[in-house]
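Engineer: These are the residues of each chain, in order.
Number of protein chains: 2
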Amino acid sequence: MKVHNFFAGPAILPQEVLVEASSSALRYQNGLSLMEMSHRSKPIADVFEEAESLIAELLGIGDEHKVLFLTGGASSQFYMIPMNILGADQTAGYIDTGTWSTKAIKEAKLFGKVEVLASSKDKNFTYIPKDYLIPDHLRYLHITSNNTIVGTQMSKFDKVNVPLVCDMSSDIFSRAFDASQFDVIYAGAQKNLGPSGVTLAIVKKDVVGKMERDIPTMLNYETHIKKDSMFNTPPTFPVYVCLLTLRWLKANGGVAGMEKRNQAKADLLYGEIDRNPLFYGTTAVEDRSKMNVCFLLNDDQHNDAFLAMATEANCVGIKGHRSVGGFRASTYNAMDINSVQVLVDVMKRFEEKYG
Amino acid sequence: MKVHNFFAGPAILPQEVLVEASSSALRYQNGLSLMEMSHRSKPIADVFEEAESLIAELLGIGDEHKVLFLTGGASSQFYMIPMNILGADQTAGYIDTGTWSTKAIKEAKLFGKVEVLASSKDKNFTYIPKDYLIPDHLRYLHITSNNTIVGTQMSKFDKVNVPLVCDMSSDIFSRAFDASQFDVIYAGAQKNLGPSGVTLAIVKKDVVGKMERDIPTMLNYETHIKKDSMFNTPPTFPVYVCLLTLRWLKANGGVAGMEKRNQAKADLLYGEIDRNPLFYGTTAVEDRSKMNVCFLLNDDQHNDAFLAMATEANCVGIKGHRSVGGFRASTYNAMDINSVQVLVDVMKRFEEKYG
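Chains P and V supply the protein sequences, listed in that same order.
Just add 118 to the spot in the first sequence (first one is 1) and you have the numbering used here.
Just add 118 to the spot in the second sequence (first one is 1) and you have the numbering used here.
Just chain P, with the same shape it has in the complex (with noise of 0.2 Å):
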């Protein structure tokens, strides 16, 4: 029977994505594991470049910037970006909208100043702020794409008047987008691009090499750049599965297929909650994300109760992230909309018994 899993993240990846993974984690080129192969050779070599380069088209990235596959995860990026870029007399911009951004915040102040333009934390981040100023001396803002514990979203990037910095890690890859006014875009792999394990890095290539701090060879976004990030071993296996996501992305109509996709999954969820009287939606309903569905029962005692009807139903990973509680659906781009109506069904037959 079908598991429909809505974790949010390590998270769902297509089917065939995993039947190929399963298939050359036992035997790929030359009869050896995938993971018994040396990154130097070809057939590493060419996963590498073949998922680097689908990378670049996916998103419409030029020349001006490079694609790495780095490690340590988004929250690695929140110290390597200003240990890189921010001088310690410059000033960076962060719209703090939760737990992600507060994090980044915090390791951004160990290398520069910080300017917090706005926030929503005032109404437990469940908004995104805008109409906030972005003063023109800023280094660059820094902006959260998707906030995966709450379940809000940028619904759009404005052009702004100073280069960006954005944490995507679990919208990127999920609709179409601007990339060039990016300094920096960074994700953890693990919602809609493959397994835990790996992080991606865009980086604008003409922002490197100018600090004159000290940086870690390994921290310093030159060192990944020039060896095409194989400086040291790289997580062979997770940027392999990265790219067979890549491959199903894109023979599913890249971005912009995944962006009709998802926004189908977020009508059907989002009409539930709000047609169903049992439920209601937490986030201010324009910055809804379409990534992480959070909703909560009117009658909380009757938590346990809808869970068990969920997981009757084979939906899994449905729990509210325990600083939040309620419930989360993660609905990322490898999920079917058929997914989807199954936990519609449950919310249904749900409202039929305790209604």
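Since the hints were made in silico from the structure, they are not lab data.
From a predicted model like this one, the values you see are computed outputs, not experimental measurements.
Mixed in with the good hints there might be a few duds.
Put simply, identical chains are the same to the list, so a pair is met inside one copy or across any two.
As the list claims (entries may be wrong) - Simulated crosslink set (PhoX-like; lysine-lysine; CA at most 25 Å straight-line): (1) Lys231 <-> Lys323; (2) Lys227 <-> Lys328; (3) Lys344 <-> Lys224; (4) Lys344 <-> Lys221; (5) Lys344 <-> Lys227; (6) Lys368 <-> Lys231; (7) Lys241 <-> Lys466; (8) Lys224 <-> Lys328; (9) Lys466 <-> Lys120; (10) Lys437 <-> Lys368.
Fit chain V to the given chain P structure using the hints.
Structural biologist: Just chain V, lined up with the frame of chain P:
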């Protein structure tokens, strides 16, 4: 036809590990791929807990040390160690035994004072320096137990008068040793422990949290000790494959069993190198690595012919590192002695033809 995998890393893994990893990449518990499961779910938490406790058991580590699963490779430990435990006014001693220790020395200088107590650079790192003085004032002494590129190995760890820090990337779990005198033991996983993408660090708990410098959250050992390697999303699948390898290790006699197995393979291969008049070993006999067996042809015009003959016998990965040339046969734990015999047979046939 069986492939004999002599790659230096990523390297050979036990066949039963690959079979189980392949199966779990498709379906693990709950009908989901292991790669699709939240790191906060019980099955993944169980993987980390068992892997940590198996490492402690296999190495005989007690409560004074903590086993961590990190990322960024041994190359990232080169700077993380001095960042975490070497004060700006303190001095660390380093033994320079090749490319990896040279890199470690470079990073340490960013954080404190470094004294290179001994070096084998005068002979291209083909031996392990001995009989050097270790000043009492050292914060720690850093050693590299095995040099993958040239093929030298420290045959044992002498008791010394200062805390030890050791890069064991290429020979951890290959033999028995006393872990108690080490402040930090670290290793990229991709030799004897698992696939690339995870870095093992074994840290003495009482050495952390004492620095006055600002350390980014993700680079502070304390962060990962407190959160049992789950502060952020860890590389779940690579750690799982490590767990499978650790189970295999335990079932095959633990580190004592591996030591015996590796000694037999080394005896066989070095025996042929010493017997066969066409080949010679490149390192001091007493410092020969049991993990990476490096050798040359007396007549290097026949290099391609030997490589072709080895390739025909399904031996892969025996080309020497680009910086030293010749041949390198890596014979990590998972390699069966029969594969070494196949290579030895090729050397004998080569002698018949070209001798």
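Engineer: Give a verdict on every hint.
Structural biologist: Hints and how they fare:
no. : hint              : verdict
1   : Lys231 <-> Lys323 : within (23 Å within a copy, 33 Å between copies)
2   : Lys227 <-> Lys328 : both (19 Å within a copy, 21 Å between copies)
3   : Lys344 <-> Lys224 : between (29 Å within a copy, 19 Å between copies)
4   : Lys344 <-> Lys221 : between (29 Å within a copy, 17 Å between copies)
5   : Lys344 <-> Lys227 : between (28 Å within a copy, 23 Å between copies)
6   : Lys368 <-> Lys231 : neither (40 Å within a copy, 51 Å between copies)
7   : Lys241 <-> Lys466 : neither (30 Å within a copy, 76 Å between copies)
8   : Lys224 <-> Lys328 : both (23 Å within a copy, 20 Å between copies)
9   : Lys466 <-> Lys120 : within (20 Å within a copy, 56 Å between copies)
10  : Lys437 <-> Lys368 : neither (31 Å within a copy, 37 Å between copies)
The structure shown violates the earlier hints numbered 6, 7, 10.
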